[in-house]
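Chemist: Place chain B on chain A using the hints.
One line per chain: the protein sequences are A and B, in this order.
Offset between the first sequence (1-based) and this note's numbering: plus 11.
Offset between the second sequence (1-based) and this note's numbering: plus 11.
A hint or two may mislead.
It does not matter which identical chain is meant; a pair holds if it fits inside one copy or across any two.
[Unchecked claim] BS3-like, lysine-lysine: derived pairs with alpha carbons at most 25 Å apart:
(1) Lys328 - Lys193
(2) Lys92 - Lys195
(3) Lys393 - Lys77
(4) Lys73 - Lys195
(5) Lys564 - Lys506
(6) Lys92 - Lys77
Please keep in mind that the hints were generated in silico from the structure rather than gathered at the bench.
There are 2 protein chains.
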Amino acid sequence: MNTYKAPLDDIRFLLEAFDYNGKIHGIPRFEEFDLDTAMDLLEGYANFCVEVLAPLNATGDKEGVKYNPEDHSVTTAPGFKEAYAQYAENGFTALPFPQEHGGIGAPVVVSTLGSEVLIASNKSFSMCPGLTAGLIDALEEHEVHSETYANANLLPKLISGEWAGTMCLTEPHCGTDLGLLKTKAEPYGDHFKLTGTKIWITFGEQDITENIIHLVLARLPDAPPGIRGISTFVVPKFLEDGSRNPVFCGGTDHKMGIHASPTCVMNFEDAEGWLVGEPHRGMKAMFTMMNAARLNVGIEGVALAEAAYQAALSFAKDRRQSRSLNPAKVDKNAAADNILVHPDVRRMLLECKSTNEGLRGLVAWIAMCYDLSHHATDEAEKEKASDLVALLTPIIKSFGSERGFDNISTAMQVMGGAGFTSDWPVEQFMRDERIAMIYEGTNHIQALDLCGRKLPMHGGRLMRVFAGEVTELIRECADIEELAPFVAALKTESKRLNATTMQMGAAAMADNEVIGAVASNYLNQFALVTLGFVWLKQLQALVGRDADDTLRKSKFQTARYYFELVLPEAEAYANKVAIGKAPMTDVDVDLL
Amino acid sequence: MNTYKAPLDDIRFLLEAFDYNGKIHGIPRFEEFDLDTAMDLLEGYANFCVEVLAPLNATGDKEGVKYNPEDHSVTTAPGFKEAYAQYAENGFTALPFPQEHGGIGAPVVVSTLGSEVLIASNKSFSMCPGLTAGLIDALEEHEVHSETYANANLLPKLISGEWAGTMCLTEPHCGTDLGLLKTKAEPYGDHFKLTGTKIWITFGEQDITENIIHLVLARLPDAPPGIRGISTFVVPKFLEDGSRNPVFCGGTDHKMGIHASPTCVMNFEDAEGWLVGEPHRGMKAMFTMMNAARLNVGIEGVALAEAAYQAALSFAKDRRQSRSLNPAKVDKNAAADNILVHPDVRRMLLECKSTNEGLRGLVAWIAMCYDLSHHATDEAEKEKASDLVALLTPIIKSFGSERGFDNISTAMQVMGGAGFTSDWPVEQFMRDERIAMIYEGTNHIQALDLCGRKLPMHGGRLMRVFAGEVTELIRECADIEELAPFVAALKTESKRLNATTMQMGAAAMADNEVIGAVASNYLNQFALVTLGFVWLKQLQALVGRDADDTLRKSKFQTARYYFELVLPEAEAYANKVAIGKAPMTDVDVDLL
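Same shape as in the complex, but just chain A (with noise of 0.2 Å):
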């Protein structure tokens, strides 16, 4: 039983509420994506999926993916063939690519919003667009090598999503240790041989597009040991006159979720690849992508949270169970009263509301950085912009997927035992989302990109530049009598995060390694006062209309249990990081 709506009304509210109409309608390159229109095109992408992909993805949950080892073959789930065909040629591929290569040239925000549309109604069939974005972006700030498969005969291929695209990165021996990679790319003419062996490639191998390109890392013959000497290559499943590539899916794994996304060994035989940008600076494609594709690992939690968070709010409104312990709230008329008079399933569901509604402005907001950082017209907006996506895009993918899960946890348990059955989509979404936590680089590798690397950067600047976004929203909002609790709570826990990360800054200083024992905790601490900020700013949209308009009250009530019973949890991060390094360093491995 699905019960999912797509959420255009909060989508519609965030995006007001980031003055999308001002920065980024305002942008010359976005000038025919009014929100109007922005919500009109999400409006027909949201359709096709819950009509077209949702229907799909119980059944590819329970068929999965079939590997044929005689021919190296991979059959996609019953019908996920043809409702590709139709989401490429509605033109759903192209979203946010630029129209000279013809794309549609949505902006991101718009795109990444409507990613979550489409991960709640199915996941699995939105990995294989969702790898192919981040070939194109690579593609798009990196040249080929190539006359064949030069960017411009690429990109339309890909944007059109007649050919799909893949991330050939992890090997058997390493996946965030990218620096012990073997693969290796021998000269052959104007291009490369390669061979190795890669790992969780996902849609490695598929029947729903006439060709593949892998995106590969290797290494060349003269390459610097480590991740100094790391090459980037594009290698093509089918070669221009139509032969195959020795490149082949050498299995596909058995997973807990996504059942419907081939996650495949892939082994490159002698397989013929050009080189992407320049020699032995591989990575610098690989980071090209990861701020999307983190930003978009961090909407599936939201995504599958909302549909979860859905299918636990329509059992509740059917079910009667037990009285309240309200005589005033008992439903004389029936044997029991609906569950929702309980406490304990407000509190379950406003958990997942309120902590959902605030990533997904979150990633609203980030989403629309990452436009500003590529296109604002204002070199300072710009760079503000870029300071903020690379600060918090570890968080909400760190964060989204964590909570995201939890959430989904929490929806399972407002419905009992039909939570855990397969009746509902619940216990499919909790298995699909699990892995988003590892994922993109692990949770715990976000935490050392925020710590390590996001803080210290350009003297500090990224974290100057979102304290004084906090700083600017509390001094806009400090008079108004009906923000103050929140204003209040905001303020504390904002100081209280300064202080930890001027702590934590002093004692890595002195010691390194405290970073690594510190950096989840603190991430979390992080992510909880980010949280509080977009909350805020959601209530100073809303300043000003009538106390009985419903989505004042909504948000109001929402926002409520937030600040009072999730943002104080910041409080508990950060005793955690205060404690430092030693329970976990002055510890015998040995005795594990």
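Modeler: Chain B in isolation, oriented as in the chain A frame:
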């Protein structure tokens, strides 16, 4: 790849720490079971579980159970039938039951700790003897009104494992709220005919025992409405003359986990049943089995989290990735360091280990109290033990299932992508464990039981008994220097718990709905303090050992993590309790 080894050393240590020989072996009924004998028994049991049942776990998950609508039969997963026969033949179904009915007569603490190993080996399998044990518990205290099905006839068949038992409580419209149940029992000679539909019936139908005895809640024709009009019946699958009693499986549920445990819809179509205990007092028999069953659900979390932890540790020991941030730990002979050098990997492992060893200790302590509450010769000791069982069982069930699940997820995180694949058992453990937060009374029902029933019981006596135990332990440890930081932390948090308890009690006297709003957070606060108590008890038992004794070192470093990084979370829960009900009750549910 399964890496599980039964944690027999820790079990032995815990039994010693809680003075098993003095307290349990000292009881006449258990005179055959001194610690060495108990450990021998557990060792044999553990070997069987690991050698015979664990290999059936992954196949059971993959193959699941098959329902045949033609004859309403259920075929269990490959090997289950044969393994069950061996299990029964070895006397394992008889472990904790009285010798007069063919049982082995072991203490419940021994069989409960044994259950951990059984569940870690094969949770689905464990549910068949587990449910049967619940029925046996009920029949030990409540008489069946029948000659044919007299307790003296049923018990030997159930204890020997020839027959199995089920618990038929839930109906489609009522789970938590059993007062709504509709199944009818009409008089039929000296017994009754039952009509109705039951759902979520674990092993309701199967092909592994020659008969199944259903314990069924139903209403007599003259029953008062609600929970006080429920009676209990035994309904055999096959009657004495070999004819089929019309109680048929109408289907099995498709679930996220425990695939090899059939979850059945059971249709009673004028099925013959015999009354158990007094008419309209059926909930008594149900509550008899509840404490033991809930203890067992708590140990499910410990079991699967232990197995997941071991898998993660084994993975971590082999895996090399990236460099230590501490130059002294860099392994210059390898291209990367073992991931155990990374403080965050240790943090995750210690998070699992510290909470799980705390929970195992808590279960061991309360299971010993369970034995004392039934068999202690001293009445005061019996009462005290009974109070502790009543008070702490909901905590074991709720916190054990919640942290157990969290810990499995954390173990998966240590393993990265590998943990998400079926090459390792962790993803199955996670799916198998999630239901534990729901069944045997959802975790919120446990919290209501704790706050609404157990705290006020006997004028607050149960809490005074627990607080007395904590105070006594703190007093005993007060002058032991090496325990000082642990004593101080426990003192802080137990003082805070007492304050929260009083504050909550006062608020609830004015407004009972407060309990519903805060109980879940209160239970978690209480649980953390309880684990602190159990940890200090473990450390106390190690005082005097050499500083380089490995068990001592291991326990102290694990406890340090618990006291510095986990126990203080109690404050955050206390803060949430202090907020009361308003953020949940001052809510317009139409705006959720």
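Chemist: Run the structure past the numbered hints and jot down the numbers of the failing ones, going up.
Modeler: When the structure is compared with the hints, numbers 2, 3, 4, 5 turn out to be violated.
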